[in-house]
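Reconstruct the complex from the two isolated chains, following the hints.
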Amino acid sequence: MSMTTTQPPAPDAGPAGNHLRSGALPNRFPLVLLVACGMVVAGVLAAFSSFGVVLWALLTAVSYVVIVVTASARIEGGRKAKDRLVTSLVYSAFLLAMAPLVSLLYTVVGYGLDRFDGHFLSVSMNGVLPSMDAGGVYHAIVGTLAITGMATLISVPIGVLTAVYLVEYAQGRLKKVITFFVDVMTGIPSIVAGLFVVALWMMLFGPGKTNGAAGAISLAVLMIPVVVRSSEEMLRLVPRDLREASYALGVPKWRTITKVVLPTSAAGLTTGIMLAIARVIGETAPLVLTAGSSAVSINWNLFDGQMMSLPVFIYSQFRMGGAVNYERAWAAALTLVLTVMLLFVLARVIGRLFAPKTR
Amino acid sequence: MAKRIDVSGLHVYYSDFLAVEDVSMTIEPRSVTAFIGSSGCGKSTFLRTLNRMHEVTPGARAEGKVLLDDLDIYGREVDPVMVRSEIGMVFQKANPFPTMSIYDNVIAGARLNNTRMSKSEADELVEESLRGANLWEEVKDRLNKPGSGLSGGQQQRLCIARATAVKPSVLLMDEPCSALDPISTLAIEDLIHKLKEDYTIVIVTHNMQQAARVSDRTAFFNLSAPGKPGKLIEMGETNQIFTRPEKKETENYITGRFG
Chain A
1 MSMTTTQPPA PDAGPAGNHL RSGALPNRFP LVLLVACGMV VAGVLAAFSS
51 FGVVLWALLT AVSYVVIVVT ASARIEGGRK AKDRLVTSLV YSAFLLAMAP
101 LVSLLYTVVG YGLDRFDGHF LSVSMNGVLP SMDAGGVYHA IVGTLAITGM
151 ATLISVPIGV LTAVYLVEYA QGRLKKVITF FVDVMTGIPS IVAGLFVVAL
201 WMMLFGPGKT NGAAGAISLA VLMIPVVVRS SEEMLRLVPR DLREASYALG
251 VPKWRTITKV VLPTSAAGLT TGIMLAIARV IGETAPLVLT AGSSAVSINW
301 NLFDGQMMSL PVFIYSQFRM GGAVNYERAW AAALTLVLTV MLLFVLARVI
351 GRLFAPKTR
Chain B
1 MAKRIDVSGL HVYYSDFLAV EDVSMTIEPR SVTAFIGSSG CGKSTFLRTL
51 NRMHEVTPGA RAEGKVLLDD LDIYGREVDP VMVRSEIGMV FQKANPFPTM
101 SIYDNVIAGA RLNNTRMSKS EADELVEESL RGANLWEEVK DRLNKPGSGL
151 SGGQQQRLCI ARATAVKPSV LLMDEPCSAL DPISTLAIED LIHKLKEDYT
201 IVIVTHNMQQ AARVSDRTAF FNLSAPGKPG KLIEMGETNQ IFTRPEKKET
251 ENYITGRFG
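Residue numbers (our numbering), protein chains in the order written: chain A, 1 to 359; chain B, 1 to 259.
Think of the hints as simulated: they come from the structure by calculation, not from any bench. If you're wondering where the values come from, they're calculated on a predicted model, not measured in any experiment. It is possible that some hints are incorrect.
[Unchecked claim] Chain A is faced by these chain B residues, among others (derived, beta-carbon under 10 Å):
#1 Val-83
#2 Ser-85
#3 Ala-110
#4 Ala-165
Using N, Cα and C, we set each Cβ at its ideal position, and we do this for glycine too.
Pulled out of the complex, with its shape left as it was, chain B reads as follows (with noise of 0.2 Å):
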C-alpha cells in the first residue's frame, strides 16, 4: 500500500516569488520523515506541492518532478483530485466537517464522491478507521453526535480517521501537534507510530524533540536570507542529523544557536 516519493529539482512559486528552490528528496515508503526548520522556511509550502494542494492558492505553481513510485503527479495526463485521494493530508487546526456526525465525517471521503457502499461496508470502514485512529473506544457510543462537540485532540484523531478511511498510500502531516496539549500530542504520537506500518507518512513539525521521536529521516530546511527562497539544507537517518548534522547551519538550529 505504501508508496515511495521520489522529488527532484523541485521549484515552488507564488505568483513570481520563488518560495521554495530546487529540492530533491527520497521519502521511503512505510517510515516516517519529519520535516524541520524555522517558520516560513517553506516547508509547509513544499509539503502540500506533494499532494497538489498548493493549488488551491491562487496564483500557486511547482516546477519539477514528483514521482510516486514510478507515476510523475505532475504529468500532464494526471488529475490533482486523484492524486489527493492517492496522497492524504492531515492539517494544522481540526477541521472535522461542522454538519456531519463522527460517522459521516470518518466516511466523508466516499459520501462526497458518491460511492456506492452498502450499510455493512460503511460501517466496517468506519470501525476500522475509527480503531486505526485509536479513537474507537472513545466515541463508540456517540458515532451520530456531531463532530465538532469532540474535544481538540480527539477532533484531530478524527481528522486522521478521515483521510486514512480513503485508503491513501501517503499521509502528509501539517503540523498536526501544534494546536494540542502533551497527552493529546502522545496519543497522536502513538498512532503516527502504528500508521507508519501501512503508510508513508511525512510529518512537518516545530517541535524538534517531537522530529526525534516519531520520525525515521529528517529533513532541514532553511532559507538564506528573509525574502530569499527556503531551501533544503540536509537529509539523512534522524539519529545522524540529531547527533552528527553535516552542515553548520543544520547544527546551529538544532542546538538552538538560531530560529
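With the rest of the complex left out, here is chain A (with noise of 0.2 Å):
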C-alpha cells in the first residue's frame, strides 16, 4: 500500500479527486445568476429599443438554464447538472402556469375595480334601464346565495351518505354499477342537466313556471358526483383500526360510523363540499335555462318567480354590449371570484378547526 493513498484529499479536490467529493456552486450562485441574467437581457432589449415582458422573461429563462447548466456540469458533474436543468423546468412550468392565473385576476380586478362599491353590492337592477349609470348585483348575490344553498342542502345528505354506503357497505356488482354511474354523472355537460330539470318542471308544473328552486336542482345534479367522490376518498382515508377499536368495544357498525368514522374524516368532507360549492357556483348554462335570465329585482322565494344568479348576471349583462353593461359584467364577475375565494378561505378554516389534533 503506498503513502498517497493513505493520506487525506485535498481540501478543494475538485470531481477528479476522491470520489465521495465534487466541487459545489455556492448557495446563492442561482439566485445570483438570475437576477444578473434578468438585468443583462434587460439591458441588450432596451439597447435594441425592442423591451417586451415575454420577450424578456423567454430570453431571461434561456440565458439562466445554459449558463447553470454549463456551469455546473464544468465544476460539479454531470448528474448534479441534470439536476439543475431539471429544478430549471420544473420552476419554468410552473411559472408558466401561473401566468394565466395572475393575469386572469389582474384582468378581473383590473376591469372589475371601475364599478366595483359598496352601493354595486348593495342595490339590485329594479327600475334600472340597462344603459343607465345606476343599479348592482344584489338580486344576484341573493339568488346565488339561495340557488347555491339550496343545491348543497339537497346534494351534501345525497353525496355523503352515497360514499358512506360505497365505503362501508356496499360489496361485488351494485357496488361497481354504483361507481359506474357516479363517474358518468361526472362528466354530464352542464347544459344538459338544465334542460333535463327544465322537462322535469314542464311536466310537473306546465310551461313558463321556472324559478329558483329548479336551478338549485340542475346544480344539485352537478354536485351530488363531486361530493360523492370527494366524500369517498376521505372516509377511505380513515384507518381500519379506528373502526375495529370500535366494534371491539362492542359499538355496533351504524355507530361507529356516526361518531368515529364521520367526526374523523370531518375536516376532508368539509372540503370536500366546499370544493364542489365552488365548482358549480359559477355555473351558467343551466341557470339561464331554469332560473331565468331576466330577473331584475330581489326574490328570496325559490318557489316562486326568476331569480338572478351572479353568471347570469354577468352574462346577461355581457350580450346587451353598452360601456356600462361591461362595467357592470366586470363588476360582477369580480364579485363572484371574490365569493370562491372567500369559499376557499372558509374550508380551511373549518378544516382545521375539524382537523383531529395531535397537542
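Below you can see the structure in the form of C-alpha cells.
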C-alpha cells in the first residue's frame, strides 16, 4: 500500500479527486445568476429598443438555464448538472402555469374595480334601464346564495350518504354499478343537467314556471357526483384500525360510522363539499335555462318567479353590449371571484377546526 | 367477572380458503393464555374468532363451537356486538380515537353506545380504568389533551384502559407489544400480570420470552406446509411447553430450529 492513498485528499479536490467529493456552486449562485441574467437581458433589449415582457422573460430563462447548466457540468459534474436543468425546467413550468391565473386575476380586478363598491353590492337592477349609470348585483348575490345553498342542502346528504354506503357497506356488483354511474354523472355537460330540469318542470308544473328551485336542482345534479367522489376518498383515509377499535368495544356498525368514521374525516369532508360548491357556483348554462335570465328585482323565494344569479348576470350584461353593461359584468365577475375565494378560505379554516389534534 | 372459553372443532375460512383447521381448546379464567407460532399460522385469525371480530373482514367465517362459560357465542340468537362488549380486544398497533381526548378515549365504549352516565360516575370510571392500566399518574393532569399526543407505550396502555372500561370478562391481545420498546413492553407485561386477577387474558405473541414470562398456559400453532391451514399443535402449562414439549414440532420451534 503506497503512502499516497492513505493521505487525506486536498480540501478543494474537484471531480478528479476523491470520488466522494466534488466541487459545489455557492448556495446563492442560482439567485444571483438569475438576477444578473434578467438585468443583462433587459439592458440588451433596451439597447435595441425592443423591450417586451414575454421576450424578456423567455431570454432570461434561456440564458440562465444555459449558464447554470454549463457551470454546473464543469464544476459539479454531470448528475448535478442534470438536476439543475430539471429543477429549472420545473420552476419554469410552474411560472408558465401561474401566468394565466395571475393575468386573469389582474384583468378581473382591473376592470372590475371601476364599478365595484358598496353601492353596487347593495342595490338591485329593479327599475334600472340597461344603459343607465345605476343599479347593482344585490339581487344576483341573493339568487346565487339561495340557489347554491339549496343545491348544497340537497346534494350534501345524498352525496355523503352515498359515499358512506360505497365505503362501508356496498360489495360486489352493486358497488361497481353505482361507482360507474357516479363517474358517468361527473361527465354530464351542465347544460344537459339544465335541460333535464326544464323538462321535469314542464312535466310537473307546465310551461313558463321556471324558478330558483329548478336552478338549485340542476346544480345539485352536477354537485352530487363531485361530493360522492371526494367524500369517498376521505372516508377511505380513515384507518381500519379505528373501526376495529370501535367494534371491539361492542359498538354497533352504524354508531361506529356516525361517531368515529365521520368525525375523524370531518375536515376532509368539509373541504370536499366546499370545493364542490366552488365548482357549481359559477355555472351559467343550467341557470339561464332554469332560473331565468331576466329577473331584475330581489327575490328570496326559491319557489316563486325567476331568480338572477351572478354568472347569469355577467352573461346577460355582457350580451347587452353597452359600456356601462361591460362595467357591470366585470364588477359582477369580481364579486363572483371574491365569493369563490372566500369559500376556499372558509374551507381551510373549517378544515383546521375539525382536524384531529395531536397536542 | 372472568369467564372460561371452551372451543371445540373450530374451522376458520376466508371465502373458500381454510385458514385454521379444527381447533379445540379450553382457556381458563383468571389466567393468561399465550398463542405462539410462526407468522401466517393462523393464531391471530383464531384469536379474532373468539370475539367474532373476524366477521369484519369480508368473506371470513367460522364453523364450530365457542362457549363462553355456557353460552355458544356462535349461537343463532347471539348478537356479535354484544359478544364484543363481553370479550374485549387490544390490537397490535395502538389505536386511540384521534378526535377524542384521553378522557373521552377511556369512556369511548360508554359514550359511543350512548350509555347514560353522570359526570361523577364517568370521572370515577376514567380514574379506575386508567389506574388499572398503570397510566393514571402519567396522564392525570392532561386528561383533556388528545390521546394521539401520548407516546406509543402510553397509547397502548390507554387502549387497554379503554378496553377494560367496558367491563369485559375476557381480554384478547393481538401482539400488544410488538411495536414497543423494552421499557414500555415491561410496563404492559406488568399490567397483564395485574389484569389476570380479574380477567381471562389471551395474548398472541411472536416473542417466546414474553410468552414464557407472562403466560400460565401456552398454545403452539403451526402450518404443516405453506398454503395449508394452520393447526393447534400442542397446548399445555407454559412451563411444560417450554421445557418438555410433547411434540417434535413444538420443540423445534422453541429451540429455534425453525421459524
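Structure-based check of all given hints:
With a cut of 10 Å, the hint placing B/Val-83 at the interface with chain A holds, because the nearest CB-to-CB distance is about 8 Å. Using the Cβ-Cβ criterion of 10 Å, the hint placing B/Ser-85 at the interface with chain A is satisfied: the shortest such distance is roughly 2 Å. Against a cut-off of 10 Å between C-beta atoms, the interface hint on B/Ala-110 holds, since the closest Cβ of chain A lies about 9 Å away. The beta carbon of B/Ala-165 is positioned within 10 Å of a beta carbon in chain A (closest approach about 8 Å), and the interface hint is therefore held.
Of the hints listed earlier, there is not a single one the structure fails to meet.
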